Amino acid sequence: MTGRTSTDIERMVITAARLIQNDAVLMVGTQWPIVAALLAKALHAPDSVICHEGGVVMGKLPERVPLFTVDPTLHSCSVLLGGSFDTLGAVLHAGRADMALLAAASIDRFGNINTTCFGDYGSPRVRLGGSGGGCDLGSLAEKTIIIMEHERRRFPEKVDFITTPGFLEGGGTREEAGLRPGTGPFAVVTTMGLFGFDEQGEMILLRFNPGFSIEDIRENVQWDLRVADDVSALESPTEEELEMLRKRIDPQGMYLRGGRMLDGRDLET
Amino acid sequence: MAHQNKLMSMSEAVKEYVKDGSALYMGGFTQLQPYAAAHEIIRQKTEDLTLSTCVGLTLADQMIGAGVVKNLITAFVWNPVPLKAHCFSRSVIQGIPRTIGLEEYSVLALNLAFYAGAMGLPYVAAKTLLGTGFDSEKNPGGAKNRLRFEHSPFTGERVCLVPPIRHDLGIVQVQRCDAFGNAQAWGIMGETKYGLLSCDKIIICAEEIVETETIMRDPNRTLIPSFRVNAVVKEPWGAHPSSVAGFYDMDWRYYAYYGTKTSTEKDFEQYLDKWVLNVSGREQYLRLLGDRRVRSLIPEPFISEPVDYGRLTRHFPEDNDR
Chain A
3 MTGRTSTDIE RMVITAARLI QNDAVLMVGT QWPIVAALLA KALHAPDSVI CHEGGVVMGK
63 LPERVPLFTV DPTLHSCSVL LGGSFDTLGA VLHAGRADMA LLAAASIDRF GNINTTCFGD
123 YGSPRVRLGG SGGGCDLGSL AEKTIIIMEH ERRRFPEKVD FITTPGFLEG GGTREEAGLR
183 PGTGPFAVVT TMGLFGFDEQ GEMILLRFNP GFSIEDIREN VQWDLRVADD VSALESPTEE
243 ELEMLRKRID PQGMYLRGGR MLDGRDLET
Chain B
101 MAHQNKLMSM SEAVKEYVKD GSALYMGGFT QLQPYAAAHE IIRQKTEDLT LSTCVGLTLA
161 DQMIGAGVVK NLITAFVWNP VPLKAHCFSR SVIQGIPRTI GLEEYSVLAL NLAFYAGAMG
221 LPYVAAKTLL GTGFDSEKNP GGAKNRLRFE HSPFTGERVC LVPPIRHDLG IVQVQRCDAF
281 GNAQAWGIMG ETKYGLLSCD KIIICAEEIV ETETIMRDPN RTLIPSFRVN AVVKEPWGAH
341 PSSVAGFYDM DWRYYAYYGT KTSTEKDFEQ YLDKWVLNVS GREQYLRLLG DRRVRSLIPE
401 PFISEPVDYG RLTRHFPEDN DR
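From first to last, the protein sequence lines are chains A and B.
If you use my numbering, the first sequence closes out at 271, no skipped numbers anywhere.
If you use my numbering, the second sequence closes out at 422, no skipped numbers anywhere.
Derived by calculation from the structure, the hints in this document are not laboratory data.
On a predicted model such as this, the values are computed, not experimentally measured, just so you know.
You may find that some hints are simply not true.
What the hints assert, rightly or not - Counterexamples of contact, computed for chain B against chain A with all Cβ distances above 10 Å:
#1 H103
#2 D235
#3 F249
#4 A279
#5 K293
#6 L377
Said to hold, decoys possible - Pair ranges (Cβ atoms, derived):
#7 G220/B / T175/A: 31 to 41 Å
#8 F327/B / I206/A: 56 to 66 Å
#9 P319/B / R98/A: 24 to 34 Å
#10 E65/A / S236/B: 41 to 51 Å
#11 A44/A / R198/B: 45 to 55 Å
#12 G121/B / A96/A: 53 to 63 Å
#13 I206/A / N239/B: 23 to 33 Å
#14 A96/A / E250/B: 15 to 25 Å
#15 T322/B / A235/A: 54 to 64 Å
#16 D200/A / K119/B: 53 to 63 Å
#17 R395/B / G261/A: 56 to 66 Å
#18 P401/B / K62/A: 29 to 39 Å
#19 I206/A / R395/B: 49 to 59 Å
#20 D373/B / K62/A: 41 to 51 Å
By construction, the Cβ of each residue, glycine as well, lies at the ideal position given by its N, Cα and C atoms.
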């Protein structure tokens, strides 16, 4: 991995990081969002404020990449360590979060996220972890960015269970449910491309990873995906972005090379 | 209650206060989770608990697998590696070892439910969970819970009414506590403060037992005062594999090991035998972990400056001159 060649994972993280503006107050969820937010903060968004659900307001880049939003490395790089009311309450519920970043097990045509179960809730085929703070982030932040590896099975037309609301059934249904106007999914960033949402709340392909064709991407969602008229290839990651991501943010490859995904068999040796 | 020495062993505390059928809150937001207490509860075969834990992780998972949980109140049960929470999955999908009653919330909603419980509020109105599978009005086939969805009498907007949740007993691991139960904790706290305050009785498990003078030199750091606490257990490393700020890191490899060793019912039984049932307490558990592994989890010191609260003995400044 040298030069300008980047993996789809790196491109996904870099694309998401580019969507983060300087000065933005961010509610950052676990997994990919951590890496994307740290990369943005290290590059073009040094004044962005990274908040996590357990009561963390970060002060500087941590000394190791947090493996999740409650990683104890956050105990030595934060300006506030409190409780969930300090972030989920007084930042997010109060309407002071500009952006939420979330990972998702699956997402549908209207940006609804499922991290609860596949199949019927009462008798599921597969049980997942549940909301955590995900529902709160997607309900209350002004803009929500979802970052996830792209697989067809993760893109159903309608999710089995709405853990985190997107635009529900489209039209004005999000607002009718009581969610605040002007909130909701803003972008979905995957290993295949960048998606936005049209005025009806339907997901639309904006940019594609040049490693894939538009047809590849359409085949990897389970509905008739809309494509923006001005769709084009994503701009390549820059040397600076790749270098920062590989050498400063995640040098051990915990995310970029799956280093955190231990099988645990070697504890006893 | 405030000035009674409440020090006791983990087995005494669990025997005295964890009753069959209790509503039990277990605190800690990934750090400070009372795993040693969970293991003792499993060893004493307490029955039919309603377990309440905001992020259940592998603590809730093994209590479910061991069959001591009848109902679960939570926002999240997963192995953070990330790996499946196998016992939780087996219970929900196959009813193994038993079917549990499941009451799910988001992290914020559960914080609000504990807050309402702690403060004696009839409910709290919030702008989360609306339109989701938790919203029984919009999705009747979704999750079963006690939430209500109404319109605000003030603004007319649709809101989620979160019920108060109270508990018979709460347990948490902290950094330090005196013998009376004045407990201090620091680091990421999540829902723990109001979770504990929503409990009628409280067991504190502490890394260190300190003098009350130490507590009174930094009272802003107190999580819970002694008059609310019923038992104090000195239990170093009682939160492993979760972390305690300033004492030990999260043991990521152990979580992975737990995931691997619990993927089938038979594997889980072997795990439980080795790490819980055939273990007398935390000391023996730590011997199983091995001294080298234990020492490797201790962080470098990152010590804060002392703060000055100011000590005043007279009412008027001129009195100081006499």
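Right, here's what the structure says about each hint:
1. Even its closest Cβ contact with chain A, about 28 Å, leaves H103/B beyond 10 Å, as expected for a residue assigned away from the interface.
2. Its closest Cβ contact with chain A, about 7 Å, brings D235/B to no more than 10 Å, contrary to its assignment away from the interface.
3. Against the 10 Å criterion, F249/B falls within the reach of chain A, whose nearest CB is about 8 Å from its own CB.
4. Once the 10 Å rule is applied to beta carbons, A279/B is consistent with being away from chain A; the minimum gap is 26 Å.
5. Non-interface call for K293/B relative to chain A: violated, since the shortest CB-CB distance, roughly 6 Å, does not exceed 10 Å.
6. Distance check on L377/B: its Cβ is at least 18 Å (rounded) from any Cβ of chain A, clearing the 10 Å threshold; non-interface status holds.
7. Judged by the Cβ atoms, the range 31 to 41 Å given for G220/B and T175/A holds: they are separated by roughly 36 Å.
8. Evaluation of the 56 to 66 Å hint for F327/B and I206/A yields a pass: the beta carbon distance comes to about 59 Å.
9. For P319/B paired with R98/A, a C-beta distance near 30 Å keeps the hint of 24 to 34 Å intact.
10. Taking 41 to 51 Å as the suggested C-beta distance range, the pair E65/A and S236/B conforms, at roughly 45 Å.
11. Judged by the Cβ atoms, the range 45 to 55 Å given for A44/A and R198/B holds: they are separated by roughly 48 Å.
12. Distance hint for G121/B and A96/A: a CB-CB separation of about 39 Å, inconsistent with the stated range 53 to 63 Å.
13. At about 25 Å, the CB distance of I206/A to N239/B agrees with the hint of 23 to 33 Å.
14. Between A96/A and E250/B the beta carbons are some 21 Å apart, a value that agrees with the proposed interval 15 to 25 Å.
15. One distance hint, 54 to 64 Å for the beta-carbon pair T322/B and A235/A, holds here, with the actual separation near 57 Å.
16. Separation of D200/A from K119/B is about 56 Å and conforms to the stated range, judged on CB atoms against 53 to 63 Å.
17. In this structure the hint that R395/B and G261/A lie 56 to 66 Å apart at CB is violated, the actual value being about 23 Å.
18. A beta carbon spacing of about 18 Å between P401/B and K62/A contradicts the range 29 to 39 Å that was offered as a hint.
19. At about 54 Å, the beta-carbon gap between I206/A and R395/B stays in the expected band of 49 to 59 Å.
20. In this structure, D373/B and K62/A meet the distance hint of 41 to 51 Å, their C-beta atoms being roughly 45 Å apart.
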